[in-house]
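Chain S is already provided as a structure; the job is to place chain B on it using the hints.
Number of protein chains: 2
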Amino acid sequence: MVRIMQPVLIDGVWREARSVGTFQAVDPSTGALLPGLFPISSFEDVEAALEAGGRACKDLVQVSPDEIASFLERFAESIQGRAEELIDTAHRETALPKVPRLGTTELPRTIDQLRQAAKASRDRSWRRAAIDTKSNIRSIHGPLGGPIIIFGPNNFPFAFNSAAGGDMAAAIAAGNPVLAKSHPYHPTTTKLFAEIARGCLEGLRLPPATLQMIYHLKPEDGLRLVAHPLTGATAFTGGRSSGMRLKEAADRAGKPISLEMSSVNPVFILPGGLRERGGAIAAELSASCAAGAGQFCTKPGLVVILDDADGRDFLAASKRNFEAPPSGFLLGRSVLESLQASVSEMVREGAEVLTGGKPVDGPGFQYENTLLKIAGRAFLNHPGSFQHEAFGTVSLVVLAGTEEEMLRVAKALEGSLSVCVYSDKAGADDGLYLRLAPILRTKAGRLLNDKMPTGLAVVPSMVHGGPFPATGHPGFTSVGFPTSLLRFTALQCYDNVRPDRLPPELRDENPTGKMWRLIDGEWTQK
Amino acid sequence: MVRIMQPVLIDGVWREARSVGTFQAVDPSTGALLPGLFPISSFEDVEAALEAGGRACKDLVQVSPDEIASFLERFAESIQGRAEELIDTAHRETALPKVPRLGTTELPRTIDQLRQAAKASRDRSWRRAAIDTKSNIRSIHGPLGGPIIIFGPNNFPFAFNSAAGGDMAAAIAAGNPVLAKSHPYHPTTTKLFAEIARGCLEGLRLPPATLQMIYHLKPEDGLRLVAHPLTGATAFTGGRSSGMRLKEAADRAGKPISLEMSSVNPVFILPGGLRERGGAIAAELSASCAAGAGQFCTKPGLVVILDDADGRDFLAASKRNFEAPPSGFLLGRSVLESLQASVSEMVREGAEVLTGGKPVDGPGFQYENTLLKIAGRAFLNHPGSFQHEAFGTVSLVVLAGTEEEMLRVAKALEGSLSVCVYSDKAGADDGLYLRLAPILRTKAGRLLNDKMPTGLAVVPSMVHGGPFPATGHPGFTSVGFPTSLLRFTALQCYDNVRPDRLPPELRDENPTGKMWRLIDGEWTQK
Numbered sequence: 001m002v003r004i005m006q007p008v009l010i011d012g013v014w015r016e017a018r019s020v021g022t023f024q025a026v027d028p029s030t031g032a033l034l035p036g037l038f039p040i041s042s043f044e045d046v047e048a049a050l051e052a053g054g055r056a057c058k059d060l061v062q063v064s065p066d067e068i069a070s071f072l073e074r075f076a077e078s079i080q081g082r083a084e085e086l087i088d089t090a091h092r093e094t095a096l097p098k099v100p101r102l103g104t105t106e107l108p109r110t111i112d113q114l115r116q117a118a119k120a121s122r123d124r125s126w127r128r129a130a131i132d133t134k135s136n137i138r139s140i141h142g143p144l145g146g147p148i149i150i151f152g153p154n155n156f157p158f159a160f161n162s163a164a165g166g167d168m169a170a171a172i173a174a175g176n177p178v179l180a181k182s183h184p185y186h187p188t189t190t191k192l193f194a195e196i197a198r199g200c201l202e203g204l205r206l207p208p209a210t211l212q213m214i215y216h217l218k219p220e221d222g223l224r225l226v227a228h229p230l231t232g233a234t235a236f237t238g239g240r241s242s243g244m245r246l247k248e249a250a251d252r253a254g255k256p257i258s259l260e261m262s263s264v265n266p267v268f269i270l271p272g273g274l275r276e277r278g279g280a281i282a283a284e285l286s287a288s289c290a291a292g293a294g295q296f297c298t299k300p301g302l303v304v305i306l307d308d309a310d311g312r313d314f315l316a317a318s319k320r321n322f323e324a325p326p327s328g329f330l331l332g333r334s335v336l337e338s339l340q341a342s343v344s345e346m347v348r349e350g351a352e353v354l355t356g357g358k359p360v361d362g363p364g365f366q367y368e369n370t371l372l373k374i375a376g377r378a379f380l381n382h383p384g385s386f387q388h389e390a391f392g393t394v395s396l397v398v399l400a401g402t403e404e405e406m407l408r409v410a411k412a413l414e415g416s417l418s419v420c421v422y423s424d425k426a427g428a429d430d431g432l433y434l435r436l437a438p439i440l441r442t443k444a445g446r447l448l449n450d451k452m453p454t455g456l457a458v459v460p461s462m463v464h465g466g467p468f469p470a471t472g473h474p475g476f477t478s479v480g481f482p483t484s485l486l487r488f489t490a491l492q493c494y495d496n497v498r499p500d501r502l503p504p505e506l507r508d509e510n511p512t513g514k515m516w517r518l519i520d521g522e523w524t525q526k
Numbered sequence: 001m002v003r004i005m006q007p008v009l010i011d012g013v014w015r016e017a018r019s020v021g022t023f024q025a026v027d028p029s030t031g032a033l034l035p036g037l038f039p040i041s042s043f044e045d046v047e048a049a050l051e052a053g054g055r056a057c058k059d060l061v062q063v064s065p066d067e068i069a070s071f072l073e074r075f076a077e078s079i080q081g082r083a084e085e086l087i088d089t090a091h092r093e094t095a096l097p098k099v100p101r102l103g104t105t106e107l108p109r110t111i112d113q114l115r116q117a118a119k120a121s122r123d124r125s126w127r128r129a130a131i132d133t134k135s136n137i138r139s140i141h142g143p144l145g146g147p148i149i150i151f152g153p154n155n156f157p158f159a160f161n162s163a164a165g166g167d168m169a170a171a172i173a174a175g176n177p178v179l180a181k182s183h184p185y186h187p188t189t190t191k192l193f194a195e196i197a198r199g200c201l202e203g204l205r206l207p208p209a210t211l212q213m214i215y216h217l218k219p220e221d222g223l224r225l226v227a228h229p230l231t232g233a234t235a236f237t238g239g240r241s242s243g244m245r246l247k248e249a250a251d252r253a254g255k256p257i258s259l260e261m262s263s264v265n266p267v268f269i270l271p272g273g274l275r276e277r278g279g280a281i282a283a284e285l286s287a288s289c290a291a292g293a294g295q296f297c298t299k300p301g302l303v304v305i306l307d308d309a310d311g312r313d314f315l316a317a318s319k320r321n322f323e324a325p326p327s328g329f330l331l332g333r334s335v336l337e338s339l340q341a342s343v344s345e346m347v348r349e350g351a352e353v354l355t356g357g358k359p360v361d362g363p364g365f366q367y368e369n370t371l372l373k374i375a376g377r378a379f380l381n382h383p384g385s386f387q388h389e390a391f392g393t394v395s396l397v398v399l400a401g402t403e404e405e406m407l408r409v410a411k412a413l414e415g416s417l418s419v420c421v422y423s424d425k426a427g428a429d430d431g432l433y434l435r436l437a438p439i440l441r442t443k444a445g446r447l448l449n450d451k452m453p454t455g456l457a458v459v460p461s462m463v464h465g466g467p468f469p470a471t472g473h474p475g476f477t478s479v480g481f482p483t484s485l486l487r488f489t490a491l492q493c494y495d496n497v498r499p500d501r502l503p504p505e506l507r508d509e510n511p512t513g514k515m516w517r518l519i520d521g522e523w524t525q526k
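Heads up: the protein sequence lines correspond to chains S and B, in order.
Quick note on numbering: the numbering used here labels position 201 of the first sequence as 201, and the sequence is numbered without any gaps.
Quick note on numbering: the numbering used here labels position 453 of the second sequence as 453, and the sequence is numbered without any gaps.
Next comes chain S alone, as it looks inside the complex (with noise of 0.2 Å):
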């Protein structure tokens, strides 16, 4: 049998690729390779596609935000209409399940992701107009002017899809085009989505390059495109490694790159709360953990609690809870031996394995569920080897031998995405949380009371940020419309500019009549 490589989609067309190797998905519940021979592409793709970008930039400024927006509704529509086709496939390259998650959750969120993206380009308040009458001077956050590279992760082949997922709909709600790298993990499921895309901007003024995708780099290739000069802003959403070795070209080149690349989501339980309902908390920890087989970037990797009578009962009902057989398949060998690495270094440094603590025997990828203890003054030590994020239904719990330990804990605390506190209802953590909020307040981007951090609503108040190495810089968020759009935007300043000459937000007449502007220094309809 010939193998066929399969095309990349370049400038419109899906085009033979110019690639240096090749690759096959594997099923991650056997390990066996699944049947596509996906292409390696060399830099000439990519230096294609960067041109075709270039112009594409130039094209779209000229389209209207609200046939952008059909671009995007028609898009959702067509994934709904071929849903059956995403969901088997995705399941296939991902082994996540259909029912609950890649059917019932995930694709109506990516789909409800573009709706709302085209819902904040046809709205146009998101670019923050300002105009000054009597100077004359008008600006607003647009385009800018070179593709968005987008490299998704391996845990969500609809949500982060880098052909459909959220920074897909954002780059392009903002009016920039889209180069997709799909993960390796997923391509076919990547692949339909880009075929869907494109048939989707047939009959539209979109150029046909608005989106583009291609497989599979080598590393080398990566640092290049992100700090190339037709770059416009890179989104990845990936591993701490990969994700400061993309961050360092393009820091180098002055190009924006907008990272998720590590979190392990500290949670901290007051002893109010754990006396109250630890074991109702214990569940909803474990819970949490095996989300997505423990392959959330939320996952709570890091759980706080005292060293007291309670803490003991929670932990060792969290252990009875973790004694669960795994909940799934992890997304690949990279993230069983990534998984395996970080229990070893957390041995390694003192702590405890609980349970669970290997692989499990058999085909395919899994591994037990763990749980592993520290004292905090272990913890303390060596604060940097405990927050390495590792996939997987993995978690530690640091207990610390009194509440100024559990304040040293915290301030240990690298970025992180979330952070929750846990606290009694009665009032008798009040204090303790008074002190220990301020210093979770900048460690991550989202602060949780009596809720675990899994499960992210897709709604304009959502962050999905923080600080670094959380993200590149805390000023930002990859989830939740409109504001998820800013990152793939320049502002932009019109100064005397004549009026004819003026993008339309910008004329004195409300284009939409209802886009809200900053007037003379009063928001406004008008």
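If you are wondering where the hints come from, they were derived from the structure by calculation, not from laboratory data.
All values reported here derive from a predicted model rather than from experimental measurement.
Hints should not be assumed to be uniformly reliable.
Which copy is meant is left open, because identical chains are indistinguishable; a pair holds if it fits in one copy or across any two.
[To be verified] Below, in silico cross-link-like pairs of lysine-lysine (DSSO-like), each with a Cα-Cα straight-line distance of 30 Å or less:
1) 119 with 514
2) 425 with 451
3) 119 with 134
4) 134 with 425
5) 218 with 119
6) 218 with 319
7) 425 with 58
8) 425 with 98
Just chain B, lined up with the frame of chain S:
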């Protein structure tokens, strides 16, 4: 005479510096040393200031925006009361004229900036509070949790002063304490501002470390400072090489840094405009270049015209204008040296000096007004060599052989703060404008028509920012309230947080009765 070293302001106290050396300011009009002896701080001073700044962050969160506004207003008023002393001092240290400049425009602007920052603080709408009632998720822009380090530039001793300028006002209005590093060219001016600010903190609930000030650092200590774990963010306005070193250090540590570091501010004069009013535009150009003795960040350093009869007339008129005596003193020896190096490089790469091109004999730092020209083809051979920002009344005219070549020159431009296009009123240039503007739009934060870029209106729509290497990120501005505050904030989400633990801006009740908030997707003052 025993020389007393000036103390530094750390944690509210003027204390002796732990210094590694000393320096004196220089009178630019004579080259003579000025009397005060100032310390180059050791890293011990820095660490003491960072620790005090870290504590001040926690205190400032407890202070109401109204009280922060009161401080800024009181500071503005006290500066007004000490105007004469400030103007005398800054004049001595910079040789910038008192009238028209230090007293008539720059000090009033500085006072106005503080008042605008106070207004933004009181108004609170800049924080972009978002509330989703159904999910009980709320988010807001909040302070960074570490002091903002401000490196002020040499060229605006008032309006960009690290202890009183736009960055200081924005950082404090956003709820952050400031550690100001004076520019070594005007230490006494900075000291005066710090003294006034210290006095204004008396009797208010703001912590004494709200503003701290040191004079100077070894370069390597500056790099450690911007990357320090206790640092919240950095604002740097200055030259490209220092900016790039600070950027690299901050980027590597994942610390936000707001940079303004280089801009040549290209001006395109289209053929119809030249024909219609070339003489008037030439007069505008020379006046804009000479403003502040050519030491504005927005000085037009590059002019692009067609090499036709009108172009040559424009060149001749500009040459005559530039043949006037220098408009003032350069701020220091380093400015003079960097200007000489820049002119030499341009000449080496083929530019021809039409007038000027050497220092003026005599005391103080002066350089002849200098106009250079180069053919478009030669420019395109080494475009980077002609885009080094150099303070001084110096500009390079690029003579493009054709309109196509003019477009190629536009494409070869690096990022600037501003870019201008002059065109005729009758419409002859409209076709060329339509081809040129899309190229230029993403090359600068501010696009002007028929107007030189010097002279910034401090209005909400102003953008003093732009793509690299003008700044480090094109989504921000360092001038214009309230937008400039966002550089010093984190996006902070409160997910299911109990009502009494929320900041007032995120509680159900509107804290001012008129703050704008995004509630369930709709902007409202309710």
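Tested hints:
| no. | hint | verdict |
| --- | --- | --- |
| 1 | 119 with 514 | both (13 Å within a copy, 26 Å between copies) |
| 2 | 425 with 451 | within (13 Å within a copy, 63 Å between copies) |
| 3 | 119 with 134 | between (32 Å within a copy, 19 Å between copies) |
| 4 | 134 with 425 | between (55 Å within a copy, 21 Å between copies) |
| 5 | 218 with 119 | neither (37 Å within a copy, 52 Å between copies) |
| 6 | 218 with 319 | neither (42 Å within a copy, 54 Å between copies) |
| 7 | 425 with 58 | between (57 Å within a copy, 26 Å between copies) |
| 8 | 425 with 98 | neither (37 Å within a copy, 64 Å between copies) |
The structure fails hints 5, 6 and 8 (numbered hints given earlier, in ascending order).
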